[in-house]
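Protein chains: 2
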Amino acid sequence: MQFQLTDDFINQIEILIAKKDGNALRELLNEFHFADIAELLEELKSDEATYLIKLLETDLTSEALMELDEEVREKILDRMSPKEIANELEEMDTDDAADIIAELDENIQKEVIDKIKDEDHAADIVELLNYDEDTAGALMAKELVKVKETWTIAGCVREMRRQAKNVTRVHSIYVVDKEGKLKGRLSLKDLLTVSGKAHISDIYIPKVDYVTVNTDNEDVARIMQKYDLEAIPVVDENGVLVGRITIDDIVDFIKEEAEKDYQMAAGISQDVEADDSVLKLTRARLPWLMIGMMGGLGAASIISGFEAIFLTYPNLLLFVPLIQATAGNVGVQSSAIVVQGLANDTIKGNIIRRLLKESLLALINGLCIALVVLLISHFAFHTTYLESISICIALISVIILAALIGTFVPIILDKNGIDPAVATGPFITTSNDVFGILTYFLIAKLILGF
Amino acid sequence: MQFQLTDDFINQIEILIAKKDGNALRELLNEFHFADIAELLEELKSDEATYLIKLLETDLTSEALMELDEEVREKILDRMSPKEIANELEEMDTDDAADIIAELDENIQKEVIDKIKDEDHAADIVELLNYDEDTAGALMAKELVKVKETWTIAGCVREMRRQAKNVTRVHSIYVVDKEGKLKGRLSLKDLLTVSGKAHISDIYIPKVDYVTVNTDNEDVARIMQKYDLEAIPVVDENGVLVGRITIDDIVDFIKEEAEKDYQMAAGISQDVEADDSVLKLTRARLPWLMIGMMGGLGAASIISGFEAIFLTYPNLLLFVPLIQATAGNVGVQSSAIVVQGLANDTIKGNIIRRLLKESLLALINGLCIALVVLLISHFAFHTTYLESISICIALISVIILAALIGTFVPIILDKNGIDPAVATGPFITTSNDVFGILTYFLIAKLILGF
Numbered sequence: 001m002q003f004q005l006t007d008d009f010i011n012q013i014e015i016l017i018a019k020k021d022g023n024a025l026r027e028l029l030n031e032f033h034f035a036d037i038a039e040l041l042e043e044l045k046s047d048e049a050t051y052l053i054k055l056l057e058t059d060l061t062s063e064a065l066m067e068l069d070e071e072v073r074e075k076i077l078d079r080m081s082p083k084e085i086a087n088e089l090e091e092m093d094t095d096d097a098a099d100i101i102a103e104l105d106e107n108i109q110k111e112v113i114d115k116i117k118d119e120d121h122a123a124d125i126v127e128l129l130n131y132d133e134d135t136a137g138a139l140m141a142k143e144l145v146k147v148k149e150t151w152t153i154a155g156c157v158r159e160m161r162r163q164a165k166n167v168t169r170v171h172s173i174y175v176v177d178k179e180g181k182l183k184g185r186l187s188l189k190d191l192l193t194v195s196g197k198a199h200i201s202d203i204y205i206p207k208v209d210y211v212t213v214n215t216d217n218e219d220v221a222r223i224m225q226k227y228d229l230e231a232i233p234v235v236d237e238n239g240v241l242v243g244r245i246t247i248d249d250i251v252d253f254i255k256e257e258a259e260k261d262y263q264m265a266a267g268i269s270q271d272v273e274a275d276d277s278v279l280k281l282t283r284a285r286l287p288w289l290m291i292g293m294m295g296g297l298g299a300a301s302i303i304s305g306f307e308a309i310f311l312t313y314p315n316l317l318l319f320v321p322l323i324q325a326t327a328g329n330v331g332v333q334s335s336a337i338v339v340q341g342l343a344n345d346t347i348k349g350n351i352i353r354r355l356l357k358e359s360l361l362a363l364i365n366g367l368c369i370a371l372v373v374l375l376i377s378h379f380a381f382h383t384t385y386l387e388s389i390s391i392c393i394a395l396i397s398v399i400i401l402a403a404l405i406g407t408f409v410p411i412i413l414d415k416n417g418i419d420p421a422v423a424t425g426p427f428i429t430t431s432n433d434v435f436g437i438l439t440y441f442l443i444a445k446l447i448l449g450f
Numbered sequence: 001m002q003f004q005l006t007d008d009f010i011n012q013i014e015i016l017i018a019k020k021d022g023n024a025l026r027e028l029l030n031e032f033h034f035a036d037i038a039e040l041l042e043e044l045k046s047d048e049a050t051y052l053i054k055l056l057e058t059d060l061t062s063e064a065l066m067e068l069d070e071e072v073r074e075k076i077l078d079r080m081s082p083k084e085i086a087n088e089l090e091e092m093d094t095d096d097a098a099d100i101i102a103e104l105d106e107n108i109q110k111e112v113i114d115k116i117k118d119e120d121h122a123a124d125i126v127e128l129l130n131y132d133e134d135t136a137g138a139l140m141a142k143e144l145v146k147v148k149e150t151w152t153i154a155g156c157v158r159e160m161r162r163q164a165k166n167v168t169r170v171h172s173i174y175v176v177d178k179e180g181k182l183k184g185r186l187s188l189k190d191l192l193t194v195s196g197k198a199h200i201s202d203i204y205i206p207k208v209d210y211v212t213v214n215t216d217n218e219d220v221a222r223i224m225q226k227y228d229l230e231a232i233p234v235v236d237e238n239g240v241l242v243g244r245i246t247i248d249d250i251v252d253f254i255k256e257e258a259e260k261d262y263q264m265a266a267g268i269s270q271d272v273e274a275d276d277s278v279l280k281l282t283r284a285r286l287p288w289l290m291i292g293m294m295g296g297l298g299a300a301s302i303i304s305g306f307e308a309i310f311l312t313y314p315n316l317l318l319f320v321p322l323i324q325a326t327a328g329n330v331g332v333q334s335s336a337i338v339v340q341g342l343a344n345d346t347i348k349g350n351i352i353r354r355l356l357k358e359s360l361l362a363l364i365n366g367l368c369i370a371l372v373v374l375l376i377s378h379f380a381f382h383t384t385y386l387e388s389i390s391i392c393i394a395l396i397s398v399i400i401l402a403a404l405i406g407t408f409v410p411i412i413l414d415k416n417g418i419d420p421a422v423a424t425g426p427f428i429t430t431s432n433d434v435f436g437i438l439t440y441f442l443i444a445k446l447i448l449g450f
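Sequences listed follow chains P and A, in order.
Going by the UniProt record's numbering, the first residue of the first sequence is number 1, and it counts up by one from there.
Going by the UniProt record's numbering, the first residue of the second sequence is number 1, and it counts up by one from there.
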């Protein structure tokens, strides 16, 4: 059942576009799913894609536009007139339309909005543009089905038929009072199982989860996941129902957040894909490599500060990579667990207990590793008794230190309102490299007395 | 609106449980949302939690059970009789019930199933247990609303009222032929807007996305996301409609996959949370640390193999941490981008072009970093002209090597049916550490001629 985009098919489309054979293209593509059209558009050149957008039905192209990568969409919209863009927005849900408007240059935003024929639709879009990014207000759509608590079921079904035409998916019917304040909800299923003469007020469910326009996106996602909701109504400061958020927006949000965190942990500083340009990929990757480089040079300067090592204990230098790798790995493990716990809101209890637990954990891991290293260093690398002891004590200390840095840096960042995910990956690795090597030689100096 | 679980509240509940004050507990908790009950149960001792499960309404507790961490649930189910477990299963959707059965010891599975009163429900659960884990068959529920294409709308509404009682959420009404083969779908919204005398065959949408019982979970998630579906029907080999998968299951699946990948990248080998026991956390973390340790010891043996360094070029040793850190960071970046691309199915085009692109990218990053290192090593660390050149050429080579390893290992694993995510994090870091240091000294040897 799944559509597979082949090179042959793309070629065929490109030839038809070059011939400007609009009829053949319409015949071929108008029955496609918008997600497949979007996949096709991403493979075409911008002017070819723009040609198709203008050619095909707007109910299809408006949805396909929403599925595109922001950059691809930008190039297409650049080649469209305000009137043509407005036509696409006309077919979109208000939340999608507002997202598109926000992506446009400021000087044409107003022009596009003015060209939207449906005035209510335009007013709704303008309202959505006023909410802060990252809040429920910016995420919600104005499209929803609402009924008054005083109506009968029959009246309600009539009214719903009218409203439902503008709403792609009816999850719940929201019940409001005279002032538009949210009172409860009805499911479509409930409507099917009661008599037409009953009043809404007799059958609606007064308990309804909701968020306000100012609720943070992350909280919206958490609530919808926790309570398994497929849609959640949004109210303003006065409790008036102003919109709703559906699960598909949340699925996209969860996915994007997970990818952002993953890339951040891998030291990639902006959202990139494997197929992006070399320049964009360099911009995303070079900053963290530079920070890692500074750490490496810092480590070099630490080592050069312990001259005695080169003369008297060169064996210690062999274990620098071991110390560094272990410090890095422990730090990444600790920070990943904490960052994930913070994201899922499962980090509870007091900080001292967490400190003790993490230290205990590090001590156990450290002892296991140190024991192996003790034997191997002594027998395979012929380190002296004292050298082996120094290496092992340093290893355990470095593991504990790295675990504590990995645990506390994210918690402290989070307490100060900074995304703890920035503390993962290269950041933790680099600082642990430097601290680890410093600790190693300080402990060796203390024990060996150089 | 959100429920906040406080220590005071938990205390109050624990006191009531100790007093066995069932009435007060029922009064207090029966109006709660199941997700909040689950949060409470996770904070209680197993015997307290079990007491509550047995006490409260099964429509509430059966849903709460499904929200619990598997370990917490296991402890509670251990304290319940087959009959009591069967009572909970009676209230669950078939997919959830099958998941619970699969978690039970094999010797009581049959007993529990036998104790389920509703025979159809029990048969459906047994059917689901037969599908392979990780397939649509194991993910789907048997609950759905289906109608025959020959019926009238009025007849359809009557039949739906009957069926809808067992279905928590009606997303779509599936249309089947006489043999039960999937023909298309109707939305509840469509039913509201047509006359009762029309036939289903006149109004149903014959184009419907579906998967088969053997479709892989990841493909199901990809299809539902791509086409923004809230539910998808599942058919058997003959095209007969046998179940449906809803978006809430997919949300959970996406979240779990993202967390698994994230932990794998951080070198954590099994699913753990910050609040798990020290033993469990050690088991999850120690294996990767041991692999990192082997890498560190490997590096030590490489360094010890280049005796001339200690005697003639000790300066080179200062830059081992820099080489190692850079190799690790580049490898992690490259692998993260490829792993994410593979997961999203956006890695296309031929492998040679990707190789050239990744090399070019690495060359640019390498040149930038090498230039800075060239200056700093020469002026701050007083390396000789040839030493600086060696360090920089090694650095560029190591960056290219690390990028290629980071790019190709995941692609090769993926081609061989292995989850490419295992190649991220410590695995890439460790192998890059070792290859990086080896490359560094080989190049230095070549240039400096020791």
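Source of the hints: derived by calculation from the structure; they are not laboratory data.
It is possible that part of the hints are untrue.
Intra- or inter-copy, both count: the list cannot distinguish identical chains.
What the hints assert, rightly or not - Below, a list of computed lysine-lysine pairs in the DSS-like style, where the Cα atoms sit at most 30 Å apart:
#1 148 with 110
#2 146 with 197
#3 83 with 260
#4 280 with 197
#5 110 with 415
#6 226 with 280
#7 115 with 280
Discussion item. Hints numbered earlier in the text: which of these fail when held up against the supplied structure?
Written reply: 1, 3, 4, 5 and 7
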